[in-house]
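K.L.:
Each chain, written out:
2 protein chains.
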Amino acid sequence: MRLCPPLPYTVTDTDLTTQAEQLLHFIRDEIPLARAMDVCLHACDTERLSLAVPLPPNANDKGCAFGGSLVSLMTLAGWALVELTLRRHGEDCDVYVADSSVRYLEPVWGDFHAEARAIEQDAWMPFLDTLAVRGRARIELSCQVPGPDGAPAATLVARFVAKRRS
Amino acid sequence: MRLCPPLPYTVTDTDLTTQAEQLLHFIRDEIPLARAMDVCLHACDTERLSLAVPLPPNANDKGCAFGGSLVSLMTLAGWALVELTLRRHGEDCDVYVADSSVRYLEPVWGDFHAEARAIEQDAWMPFLDTLAVRGRARIELSCQVPGPDGAPAATLVARFVAKRRS
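These protein sequence lines are chains A and B, in that order.
For what it's worth, the working numbering labels the leading residue of the first sequence as 180, then goes sequentially.
For what it's worth, the working numbering labels the leading residue of the second sequence as 180, then goes sequentially.
Chain A on its own, in the form it takes in the complex (with noise of 0.2 Å):
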């Protein structure tokens, strides 16, 4: 697995990081698309999750990111973020896209990530809560593309739905 140069935030549980590599592995090994792509992990910690891609098997063709693959990396770096935290866990779960709203601000004209996060600050406990108690539970992340200045040039607000498979 190839890892992208981090983000500038500490990641210092080494257990974590592991997870979250072995989880890249599954999803390249999984999904098609995302080896096409060249998904990579490029950075977590226990809040956030971030996955990046070179542009070029991510281009249009005007030569900047490909609306596809903006909205596919978004929604997967939320997807991923759930799953490893379910992991972590101990939950053995389908965890699926519900719904999003995507807005794509800016062209994005070299290699870019995503980065996902729950909308509320203390959403993962009430997740895990009614997960445990219903089988089912349902969380509002929020992901971003950041542009080379910082501001987002795509944004993605997302619900994720987790099943426990037993």
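Just to be clear, a hint being listed does not mean it is correct.
[Claimed, not checked] Simulated pairs of lysine to aspartate or glutamate, DMTMM-like, Cα-Cα distance not exceeding 25 Å:
| # | chain 1 | residue 1 | chain 2 | residue 2 |
| --- | --- | --- | --- | --- |
| 1 | B | K241 | A | E270 |
| 2 | B | K342 | B | E270 |
| 3 | A | K241 | B | D273 |
| 4 | B | K342 | A | E285 |
| 5 | B | K241 | A | D271 |
It is worth saying that the hints were derived from the structure and are not from the lab.
Based on the hints, put chain B in the right spot on chain A.
P.N.:
This is chain B only, laid out in the frame that chain A set:
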């Protein structure tokens, strides 16, 4: 260019079909992810355009359609309908998606297609008129991936912007 089995609506305009096939060649040549998805023309008439993909390169870890492929195909069908309509009216524009709302309603377990059309029935003439006057115009499209029973398995509503190159 592989042509998928056509949709059950009548295409009587061979020029239109030829132009749509040329556009699909362009898409596959210029957008690597569209080639990785194995996007092909499914059907088109003057109001609708439909693109199809096989499931295997667009599957997720559960063996059904990857959310990124669903949203990418719907976005691409919308983009292609705008691009094709502009080319047929002699317009040379950059076309890009500005924003979208996506709903994932049912898992898709086989090959799938996405059909795009304008939300308002008479939207194209005002769109082209605005483009003629201002050199820039936007149009709202509705796209959907039908499930096996014909009910939508995924839907997208998106605004596309066209901007004259010259």
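K.L.:
Each hint needs a verdict: does it hold in this structure or not?
P.N.:
Each hint tested on the structure:
1. B:K241 <-> A:E270: With Cα atoms ~17 Å apart, K241 (chain B) and E270 (chain A) stay inside 25 Å; holds.
2. B:K342 <-> B:E270: Holds, at roughly 10 Å.
3. A:K241 <-> B:D273: 8 Å, holds
4. B:K342 <-> A:E285: Measuring from Cα to Cα gives roughly 14 Å; hence the hint holds.
5. B:K241 <-> A:D271: Cα-Cα ~13 Å, so holds.
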